Amino acid sequence: MKEITRGGSLMRLRGLVKKEFLQIARDPSSIAIAFLMPLFLLVLFGFGVSLDADHLPVALVAEQPTLDSDDFFSSIEGSHYFVPRRFLNMASAEEAMREGRVNAIVHLRADFAKQLSSREGADIQIIVNGVDANTARLTQGYLQGVWVKWLDRRAKAAGRDMVMPVKLEERVWYNADVKSRNFLVPGLVAIIMTLIGTLLTALVMAREWERGTLEALLVTPVSMTEVLLGKIIAYFALGTGGMLLSVGLAVWLFGVPLVGSFWILLICASLFLFAALGMGLAISTMARNQFVAGQIAIVGTFLPAFLLSGFIFDIDSMPSIVQFITHLIVARYFVSIVQTLFMAGNVWSVLLPNAFALIVMAVFFMSITWRKSKKRLE
Amino acid sequence: MLTRMIALIYKEFLALLKDPKSRLVLIAPPMIQLLVFGYAATFDLKDVQYALYNEDKGIASRELVAAFDGAPAFRRAATLQSEEQIAPLVDSRGVLMVIHIGPRFSSDLLSNKGAPLQVIVDGRDSNTAMIVLNYVSTIVERFNTQWIKDHGLENAPAKLDVRAWFNPNLESRWFFIPGIIGMLTLVTTMLVTALTVAREREQGTFDQLLVTPFRPGEILLGKALPGFIIGLIQASVILLIATKWFDVPLLGSLPAFYAGLSLFLVSGVGSGMLISSLAVTQQQGLLGAFLFMVPAVILSGFATPIANMPHVVQMVTLIDPLRYFLVILRKVFLEGAGFDVLMDQFWPMAVIGAATLALASWLFRHRMY
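Same order as they appear, the protein sequences are chains A and B.
Heads up, the first sequence is in our numbering, so the first residue is 599 and it goes up one at a time.
Heads up, the second sequence is in our numbering, so the first residue is -8 and it goes up one at a time.
Note that these hints are calculated values from the structure, not bench results.
Because the structure is a prediction, the values reported are computed rather than measured.
The reader is advised that the hints may include incorrect statements.
Listed next, the stretches of chain B that the computed footprint assigns to chain A, with coverage defined by at least 3 CB atoms under 8 angstroms from CB atoms of chain A [what the hints assert, rightly or not]:
(1) 24 to 31
(2) 37 to 45
(3) 82 to 90
(4) 105 to 114
(5) 149 to 158
(6) 269 to 279
(7) 284 to 292
Straight-line Cα separation of at most 25 angstroms, DMTMM-like style, residue types lysine to aspartate or glutamate; simulated pairs [as the list claims (entries may be wrong)]:
(8) K765/A with E74/B
(9) K140/B with D750/A
(10) K747/A with D652/A
(11) K747/A with E145/B
(12) K37/B with E767/A
(13) K150/B with E718/A
(14) K765/A with E75/B
(15) K970/A with E808/A
Glycine included, C-beta positions come from ideal geometry on N, C-alpha and C.
Could you build the full structure based on these sequences and the hints that come with them?
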């Protein structure tokens, strides 16, 4: 306490931080956005968002039901990936596909049993609904798996070994059960915190400009730097609270393993929060108008963080111009950091460049804010 | 009454468009976003960097490697000499996949014993990992078929013959771009409507508006129409870009598309007005818009299918207008749907629109400060 009474600047800063906290406490919507929103979004998305397709509805059609066609169908029915329904003819199955009641049709022709023993082999016709290309590809992959197992079982039953020239041995590192939740939930933490960090601050400066309270503040001995610092400290504290809550939920509620170190995560998260808060402050300082600041925050944070951060779409597959744009998205670096820390561990060759980029972004946004707010006062 | 309405609508347009900054925010971003997101949003992998660790000296392994090198989706970024090199390379995200061919690969293959091919994939993004494995198994399967044919081996008793309807090459861009139309339209509608009433409340002009001869229904209409019209224009422009620039086929009927769009806009504008009439300050209006928009996009089935969600979450998606509009967009674009199959999507949006607008207009009078 001694230093605080001694140093005038520190005392002023303390007053400013207190003012920010009072403002936060008296408008419950900021608290709501810092704590309730991460809770709500993470629970909703953590349970709701998944790319693992199972229970895929498929139609099974055998033009001439035989023991062999029954045998193949029952191996599809035994797989937990599918919810199969048998149809009597192609016409009704195709109608079900058009109406969206099934995703795929497995069709065995009348001569299936006969062709099985022929030299050419029998055809298993599969029609998938290609509109959702990703689900279509998954369906195709799962059916292929069922098919290989079925061939193997048939060969064994006949007392032979089924020999495929090349056998694939797949290993998925870091996420052996290939659960999409394990990579989506850490990514969601990054996206939710971008929204919150930027949103929280995008409006506060704009509001002070719009209402003229900032000019009022500046005729006091308080300097611009102190005003900015006051805001950053207050909202940083709020954001860190939300961040800890999100990480806690990811680990304990969703059971995402945190392989890397918690402390490194905390440090990177702080860097990221500075960048996100800086972006919010920069937006609101440049807009000086809540309406425009709000619009820019909506347009500039959520969709880019959702689509361009590598959270769901692979950045390497984008055209190089778009890849370049992704470098301007704060969330991109943090998504990479959290995915690595949660699943692979402390891999410095991934962490350091991304952390450095976060520092650069934080400095960049903060200096824009600082310069823009100074310039206009002269 | 009509002149009165025109004056009100004119005033609302002025409020939106007179400020050059907010004009820019409304017009430029949707176009840029469609172009950027249109290229970004795809699950088709184009440039998977992989490393090869080949211990085999035989010709067979060289043939297989050639198949990988020739595949347009794969690019060899490294050739490894020892097993120890694999882990650091994958850890640092240097490559997404490592192909390991054992020393006995060719001899196993030639003696019909079945040669194992080890593939290691970075599972940090499990969806990308699954797609990579899918590509790999296609290449291996093609190699096997060719091998069986060349060496006169016995065919498998049955083979798969896969065809895809509506999107024969399984281009995921065809799936996402119609979705982006819905998403951007929702964002613009929310931007235009969610802050209108809140801003007037904060500035105190809303009370003035309420004491004019306008009835709440008329004020509502005046505030709702700009959002509706801007949304309509924007969606039409995006539709044009989607079909002309990105070459997404538009097979279905345009009247069905516009009917769906209008209902979607009514429900979107209604939700925006409801948020706006609940909010006392612009900040609350903005937060409300976010709290509606983010779940509305993520739970709409835009990127992750609704069918994969747990039952409870699926129930929540029923009040999401974007969910219905996405189905309409995809069915109209790719499946060539007309009015008959889309009725199930039309009426829920109409219900959402009617309910939110009615509630908003009631709140105009009953939420006063």
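Hinted pair, alpha-carbon criterion (25 angstroms max): K150/B, E718/A. Please report holds or violated. holds (9 angstroms)
Are there at least three residues in the segment 149 to 158 of chain B whose beta carbon sits under 8 angstroms from a beta carbon of chain A? holds (count 10)
Check whether the Cα positions of K37/B and E767/A lie no farther apart than 25 angstroms. Distance of about 23 angstroms is within 25 angstroms: holds.
Straight-line alpha-carbon gap K140/B to D750/A, limit 25 angstroms: Holds - the C-alpha atoms of D750/A and K140/B are around 20 angstroms apart, at most 25 angstroms.
Holds or violated: the segment 37 to 45 of chain B covered by chain A, criterion of 3 or more residues with Cβ-Cβ distance under 8 angstroms? With 4 residues closer than 8 angstroms to chain A, the segment 37 to 45 of chain B meets the three-residue bar; holds.
Does the alpha-carbon distance linking K765/A and E75/B stay inside the 25 angstroms limit? holds (23 angstroms)
Count residues of the segment 269 to 279 of chain B with a Cβ under 8 angstroms from any Cβ of chain A, then say if the count reaches three. holds (count 7)
Proposed proximity, E145/B with K747/A (alpha carbon, max 25 angstroms): holds (18 angstroms)
Confirm or reject the coverage of the segment 105 to 114 of chain B by chain A under the rule of 3 or more residues with a beta carbon closer than 8 angstroms to the chain's beta carbons. holds (count 10)
Coverage claim, chain A over the segment 82 to 90 of chain B, checked by counting residues with Cβ within 8 angstroms (three needed): Since 4 is at least three, the answer is holds.
K747/A and D652/A: Cα distance at most 25 angstroms? Between K747/A and D652/A the Cα gap is close to 18 angstroms, so the pair holds against 25 angstroms.
Taking 8 angstroms as the Cβ threshold, is the statement that the segment 284 to 292 of chain B is covered by chain A upheld or broken by the three-residue rule? Contact hint for the segment 284 to 292 of chain B vs chain A: holds, 6 residues under 8 angstroms.
Of the numbered hints stated above, none is contradicted by the structure.
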